[in-house]
Amino acid sequence: MHRFIRFSILLMGLFAASSSFSADVALEPLTTADDLGPAIEQPIEFPHNRHAGLRNPNDPSNSDPLKGGMEIDCMYCHTYARRGSVAGIPPLQKCIGCHQNIESVRETPRIKKLFEYWEAKKAVPWKKVHDLPDFVRFNHERHIKRFVFQQNRPVQEVCGACHGDVKTMTVARRQKSLAMGWCVSCHEKDHVVSVPGGMPVGSQAYWYGFKKPALNSAGVEVAKGPNDCSSCHY
Amino acid sequence: MKDIREDIAWAKINKDVLKSLESPRNLYWVIVIGALLVFSVGVGCEIYQYNVGMGVANLDNPHVWGLYIATFIFWIGMSHSGTLLSAILHLMHADWRKPIYRFAEAMTTFSLMTAGLFVMVHLGRLWQFYYSLPYPNDRGLWPNFQSPLLWDAMAIFTYLSSSILFLFVGMIPDLAICRDNIHSGWRKKLYTVLALGWEGTDRQWRNFRVTYLTIACFLIPLAVSVHSIVASDFAMSQQPGWHVTSFPPYFVAGALYSGCAAIITLFIILRYVFKFEEYMTLPILKKTVRLTFAIAMVWTYLNAVEFASVWYSHDIASKDVLIQKATGPYAPYWWGMIFCGSVVPLILAFKRFQTNIPVLLVTSLLLNLGMWLERWMIVAPTYSHGYYPWTWDHDQFPSWVQWGMVFGSFGWFTLLFMVFCKVFPSVSMYEVKEMVYHRSLASKKLEVSGSQESVEGAH
Amino acid sequence: MIDNNFDRRDFLKVLGWGGAAVALSGCGNTSVEDGKETVVSYVEAAEYVAPGISVYFNSTCAQCDAGCSISGRVREGRVLKLEGNPDSVINRGKMCGLGQAGVQHHYNPDRVREPLLRSGDRGEAITWDKAYALIAEKLNGVSGDQIDFLTGTVSGHTKALLGNYLESLGSKNHFVYEAVSPAVQRAANMKSYGMEMPRFNINKAKVVLSFGADFLGAWVSPVHFSQQYAEFRKGVDGQRGVLVQVESKMTLTGANADRWLVVRPGTEGILAMGVINALGVAGLSLSADVAAAVKPYDKERVSKDTGVSTESLVKLAALLKDRTPSLVLLGSAAEGYAHGSQNAAAINLLNQVLGNVGKTLEASAAVPFPQIAPTIGNTAALRMVNNRLADGQIKVLFTYGTNPVFTAPSEMKFKENLGKANFRVAFAHYLDETALQADLVLPLDSALEDWGTLVAEYQPEGVQISVQQPLMEKLHPETRGMGEILLSLVKQRQPESYKAFDDYYAYLRTAMLKNKSEFANSAMDDDVFWNGVLSAGIINVGGNLNKLSSKLSTNIQLPAPAEQDAKYPFTLIPSVTANLRDGRHANQPWLQESPDPLTTIVWDSWVEIHPKKAAELGIVEGDIIAIESKNGTINAQAYLFPGIHPDAVSIPLGRGHEAMGRYAKGYGVNPFQILDRVFDGETGELAMHETKVKLSKVGKRVIVVKDEGFAGGAQHGKKIAMTKSSDQVDLSEEV
Amino acid sequence: MSVSNLLENWAEFRHTHPVDDVPHDPYKWAMSIDLDACSGCNACSIACYAENNIPVVGKDKFEHGQVMHWMRIERYWPEDGREFPDQGATFLPMMCQQCEAAPCETVCPVGATNHTADGLNSQIYNRCVGSRYCSANCPFKVRYFNWYDYPTTENVWPAEMTQQLNPDITLRGKGVMEKCTFCVQRIRAGERAVKNEGRILRDGEVQTACQQVCPTGAITFGNLVDPESKVHQKWKAQQVELTADEQEKDKEEGGTDLRGYRILEELRPYPSVMYMERVRESAI
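Residue numbers (our numbering), protein chains in the order written: chain A, 1029 to 1262; chain B, 13 to 471; chain C, 1480 to 2214; chain D, 71 to 354.
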């Protein structure tokens, strides 16, 4: 009898140990892995690489569209990102504004299509690529202000954290999982509050309550992202 | 009167019990089809409610829980019968339980499965029920370990798995008998697998006894905790009429009570349907009835304790609820509960009725009706008459959808039970044999000592 | 070339608004989606139009005539919510429920979407060109005095243009009808103060004695008065204002009174005279003729006539004497009798005796441009149009902003008489009862799509001209603004004089610029001025301050309280609720579902009966009661209501539509239908409270759909809504 | 959140009301409602419908008690047995009291309703499974359940009316609980805006929809820990403490001349809404 009791106690202990271990470790890889979304067909096959891609050092005139990009700032077109919750698609007038002066590509099929929309005064029905569920309130402005302006990090790096390496894509495609655990994994990290050259932060509250900015081991002030459910869900 | 004849041959026991697994009578099919129909009513209601919304149940704000939760507690309560008979009485060496504990255990399992359904159908977003399970997930979230509802889910799940295990372990020797007596078909395969190679060696028997005893020991605190936790769904809340310290024992007593009543009902039905008169004898019934009566009185006492503690406390809101129960729109049901739960069992005190099958059948059904009403009277009146007078709402009545699902649950339970009875021996053969053996030993002893007495007397 | 120079009018013309599927999925979409939805994108966008960012535009609330200035929240080219414009002196950033439901007027699914021409029982959609041609054809050869306009209250440039159109038709028959209107009071005020609508400074009074004026609910300018009321409660010189309300059926204001005095219906004037008498007794010096006039109204008699106890009367007089200044208000409950003018005169006399004129009653500013000053409606207008219709004097009738078929007592037979006109044109937002009788229905823009100006009758400070401008693109392309239609019509008659105006917008802009010097510096650039006006949404002009005269008139003939009619023992009080008023907004679901403040009933009509009387008659809540007057019977559910005189019953106005779409049709009953045809002796206004009815049980009982639960208004000893007596509090310590 | 994280931070996650070591900082949203100013006009309730996408359920569902008004105006009659209510009625706007120790929060099996660090009782619609335990345990009964799928129910939001919906708020489908949020979308927008400026919100920068519309200004909303805020000053002047279940001032013999109180505070939910008693003139 004692054998059985001992055995069952042993089993229970094993179960408790293994389940708490698995609950503890399984998360990291689960949420940070890249998760390539489906390819999306857009009304115009917009070449992000051509616009935002790196210049070809061997081609200073940048004449060969296949070889290099123009390093246009993401926020030149997605201008709403620093002002509001959505990054937005630029109004057609912005596309035309440049392209009416670029004679070299004026007769290419894509640009012809673009001008067709413009002449019909019809908005291009772009499809959403990064479409969060309706109950998630992601705010571009705060992330841009926090990381581009205050931390003075390169725009493409900051945008790329969620949107992937768009400068290498033609039509954008989702690269990150965008699942909640993935978002949270970043919010739980310590981020440097400010860097020299970045926008000064004033007496700003980085925290909501419990997670106040603290000094890390290197003596740099760091803070975590908001971690209330109602920061993003309401 | 003997509770079992000691001269039943073991072969006859095997034969009688195994017969119940074979060629069903027409009556069996009638019951199964009836149960299917009843169950399909419940399924239909759930499909309707799932598609349209919980509103069709005629629940409202603040009346957010209704018959689903009441019936859920009812079924959880029913499940305590098996544990009581097999585990508690097993530890107390009350061997009269032996012919009847198997189906009582089956009842435990099936009523838990029925109760689980009510937790499901009562959720507003059934399709998202897995949020309440603790498992590592993509969102990095855990359920709220503070919530009694979560304890509830865990307790029920544990209880269900343990009682299935208990049922199965207790059945192994019988499954081996089945395996050895049935020679072909899917049954053979099933029993072969389930019997786990049982051969009846001494070592197997020894291990079997210890395992069975261990699980029984494990199950008893579980049974008590399960209903205490269900009680804490209410007792841990802040609402008048729910926030009662004595709820856990009250719920456990109520559970044992309804479980015993249900055993009487099923005892009578099985005895008749499967012709188990020789094993499910009237003396055993009598013992069960007496046990039921005792528990009924405990329950009545706990009821009185609850009323008194509310009455003499300064908790005006709780007192209001109590007065409302006794005089408001719920009065007929509340008094019905008192009548069925505390007055009707008095019949069981009379010897004459303790073996009267028709009376017992009606009585046991009434007792269970009373217990079901009790659960409803715990859930509903608090909503009607809570802390906030503006939201008092006395005309909420469950819609046909709620009633339909309550009705359907009986079909589901019956269906499971009927299938069980045809697949597994519903009387424990090896334990009955044991009992017969013990009885014959005892009577031999009695004969020996009796004859000695007479010899002495002769001197 | 890219035209970045956006015309103000085009600001909403953003194409490709992607919110058509406005995320109706709610919690449905639970995972990240790729490529399923379309992005909001624009062809051209002004700097201030960005997706996800709301812009606020000021405009004017058109739900009632109080002229509150609103600030509409616009996002992605659609208006989401109406909020108050803080710069408006009328509402100072606040709103009432009715005003906020303006978005449901705009987005109402039951709006008329194209011009409809009667074809048998149906309306046939026609083009605007055809509609205009038809009007021209029908007007051809009809003399001016056979063409009538029956409208609700009009003001601003719509009114000016309407005047011009009438002039071009040679017609002088513009009748302005409002079913619920303080018209008797205006006449009485004119007599007493030389002004129809003086300023009421509730916030400066220490005591407000209101004879049935529901200034917190539906009377004149409730949002403005509510703010005054808040100040009044906080106290003048540290003394909390005291509100005493005298009426036979408790209104919202009555429910907020420190003392609610229930009077026998129609005896408000007697009580006012009694108060003057009691003031005299209490030592207030009265002029000889006043003293003589109030002599017969000693407290015993007044108490007997009105049902107010002598003790209350004495206390009231003492309070009024002690705490000055006070303010006496007069509302529909006192006006609605055959002797309504006399009641009003007595009440105004009380104000004068108390010396409130010039203190809490002040002169209001006159609108400097009479052509846009409001023309205020009354019920006498309906009577005149009805008579003209009955006599066949009207060949062509235009109706706008009023629904007489719904609001006229059935005894007037307005609907039948309407049939005698040859051609009936209704300018309408919805197919209401009157539009259904029309031959031609012209669909109007909603108030949130239209241009216009609105000048309120009640002006708290100077004169505020409220500008109405579109908050978004037209929802339905075939609707037109009222101004637009009038301009087109007047162009038919006088193409030459109006050819300069392409549209109503141009007309409005020109007209406003013409008076630039009145509004602002005349040297200001036109565009700057105009953009300033549009961005502010209001123009404040000083207005010509009139002087308030105070003419004591003691010639007041108050009849003794009427004996109870044996056949019709109850007085019917058709009550005006804050949300539904005369019923023109009954199809806005927020208003239908917003519980009536006093009974908490929704979506239905009810008849209020005093519990004591109900017990006598064996009526319990939910019994269907037949309310029978000489002119008909309506059935309504009974609600036992302690705030009503036992000899009176009350049914709210506004419900009981037989048309107007899904949210209005078939909900409740319409007490307008059974009103007796009794008119005020002096002004000819319909005496709304003179209807006598009898009650009988139909034998059916329903569950009253209301927010209040089983406990009713009781708290059962719980400390929920607490009250303190004013001598127990110290308001001076409060923040 | 892993198990070790859960264990390490257990105390933090379980803070339901401010304690000495973790006070509310920098925000604690609270309200004060002056019943003497409230006229019962229902404008706040309609504003709430407009702001928060609350469905109009219609007569039948209202009759079944399935109305969704997050803010309801209750009307109480004096209970002194007089023939006429000659001191009028009392109106009481009742909505979620955003309790600091909210009974609803502890019982939710999935943690869909929980306390935010700025003192709100948040309701996470997408986490809700619809057990309705929160409503069962709410003493004020201010939680409203989506008994039907209102977005797709006929005549709740016909096609035209969907354009009015506030895109800043989730539209709730069937089976989730909802309640007053103190207009959390406005608070979050305000917080974001001032974070860009590197400061915290000042009094009056965030208004709830009901407060904004109230014609008599009976509703005051603000940051209770900001000494400059009106709501802080009002609570202080009325000597109402957030974390008291019986106010110090109420222990005085014969009561006080202060009007502030909280409803059902003896149950210790520590509501964040202070009411101020209605006043009635004693001289008449």
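Quick caveat, the hints were computed from the structure, so don't treat them as lab data. Errors might be hidden in some of the hints.
For the chain B half of the interface with chain D, some residues (derived, Cβ under 7 Å), not all of them [as the list claims (entries may be wrong)]: (1) Gly65; (2) Met132; (3) Tyr399; (4) Pro410.
Virtual Cβ for every residue (Gly too), placed ideally from N, Cα, C.
Evaluation of the provided hints:
Against a cut-off of 7 Å between C-beta atoms, the interface hint on B/Gly65 holds, since the closest Cβ of chain D lies about 4 Å away. Taking 7 Å as the C-beta contact cut-off toward chain D, the hint placing B/Met132 at the interface is violated, the least distance being around 10 Å. A least Cβ separation of about 4 Å between B/Tyr399 and chain D falls short of the 7 Å threshold, and the interface hint therefore holds. For B/Pro410, the interface hint is violated, since its Cβ never comes within 7 Å of a Cβ in chain D; the closest pair sits about 12 Å apart.
Hints 2 and 4 from the earlier list are contradicted by this structure; the remaining hints agree with it.
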